[in-house]
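Assemble the whole structure, with the sequences as input and the hints as a guide.
Chains as they are written, first to last, in my numbering: chain G, 1 to 114; chain X, 1 to 114.
To be clear, the hints were calculated from the coordinates, so they are not data collected in a lab. Fair warning: there could be bad hints in the mix.
Said to hold, decoys possible - List of simulated lysine-lysine pairs, DSS-like, C-alpha gap at most 30 Å:
{"#": "1", "chain 1": "X", "residue 1": "Lys31", "chain 2": "X", "residue 2": "Lys11"}
{"#": "2", "chain 1": "G", "residue 1": "Lys67", "chain 2": "X", "residue 2": "Lys111"}
{"#": "3", "chain 1": "X", "residue 1": "Lys9", "chain 2": "G", "residue 2": "Lys11"}
{"#": "4", "chain 1": "X", "residue 1": "Lys31", "chain 2": "G", "residue 2": "Lys108"}
{"#": "5", "chain 1": "X", "residue 1": "Lys46", "chain 2": "X", "residue 2": "Lys26"}
{"#": "6", "chain 1": "X", "residue 1": "Lys31", "chain 2": "X", "residue 2": "Lys67"}
{"#": "7", "chain 1": "G", "residue 1": "Lys108", "chain 2": "G", "residue 2": "Lys9"}
{"#": "8", "chain 1": "G", "residue 1": "Lys11", "chain 2": "X", "residue 2": "Lys11"}
{"#": "9", "chain 1": "G", "residue 1": "Lys107", "chain 2": "X", "residue 2": "Lys114"}
{"#": "10", "chain 1": "G", "residue 1": "Lys31", "chain 2": "X", "residue 2": "Lys46"}
Keep in mind that this is a model prediction, so the values were computed, not measured.
There are 2 protein chains.
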Amino acid sequence: MRPKRMQAKSKVWIEAGGEVVAGDGKMDLLKRIDETGSIQKAAGQKGMSYRHAWGFLQAMEKRGGIKLVETRIGGREGGGARLTAQGKDFLRRYSAFREGLDEYIEKKFKKAFK
Amino acid sequence: MRPKRMQAKSKVWIEAGGEVVAGDGKMDLLKRIDETGSIQKAAGQKGMSYRHAWGFLQAMEKRGGIKLVETRIGGREGGGARLTAQGKDFLRRYSAFREGLDEYIEKKFKKAFK
Chain G
1 MRPKRMQAKS KVWIEAGGEV VAGDGKMDLL KRIDETGSIQ KAAGQKGMSY
51 RHAWGFLQAM EKRGGIKLVE TRIGGREGGG ARLTAQGKDF LRRYSAFREG
101 LDEYIEKKFK KAFK
Chain X
1 MRPKRMQAKS KVWIEAGGEV VAGDGKMDLL KRIDETGSIQ KAAGQKGMSY
51 RHAWGFLQAM EKRGGIKLVE TRIGGREGGG ARLTAQGKDF LRRYSAFREG
101 LDEYIEKKFK KAFK
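Now the structure itself:
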């Protein structure tokens, strides 16, 4: 047998009460809402339906016990959306948590399997 | 809403050619084969059938291109099994890779969400 080229893979997420609150995908959605000011646009960028994105947000808020997004006048789809202060804080903290983590895991893997 | 107590979760594994070669579960099986000298006993300790464990080993070897376990005289179930030198080396390297990783992720999470 010839050893094949291996690589480390990882997945990181946050739970509360045994339920998934956030992972890279959900936080990317949140980041895009922050950038575009619209759930519709953020969902579209991810190839996701508005309904699906809305469900994600509801689940994150309920499971985490944090109000993350507020929708503005014009209705859910018309008036846009923005992150609450807590939503921005959560996004910032999650980014700090994720920053450099994949690189650390990769480095540790390479060191062990060099 | 009252923010709930959150915790970081993670999963780490090794792939080759887009297929999973090893993760904590499979490596624990390998470790137990090393300790017990028997696939049957190692599988039993994990509440797994011999057939299931054997399938795991075959997949790991094929996907990784490494001969990990050799079975001894007496047949697959009768004579016991032991890790090859490459199998021991792989187990040792995987342990070095995993060592402290969960703690690092937890620490990084706590720092970001303190």
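Hints, verified against the model:
1. Lys31/X x Lys11/X: Holds. Lys31/X to Lys11/X sits at ~19 Å (cutoff 30 Å).
2. Lys67/G x Lys111/X: Roughly 22 Å separates the two Cα atoms, so the pair holds.
3. Lys9/X x Lys11/G: holds (8 Å)
4. Lys31/X x Lys108/G: holds (20 Å)
5. Lys46/X x Lys26/X: holds (10 Å)
6. Lys31/X x Lys67/X: holds (15 Å)
7. Lys108/G x Lys9/G: Holds - the C-alpha atoms of Lys9/G and Lys108/G are around 12 Å apart, at most 30 Å.
8. Lys11/G x Lys11/X: Satisfied, since the Cα-Cα distance of roughly 5 Å is no more than 30 Å.
9. Lys107/G x Lys114/X: holds (26 Å)
10. Lys31/G x Lys46/X: violated (41 Å)
Violated hint for the displayed structure: number 10, the only one.
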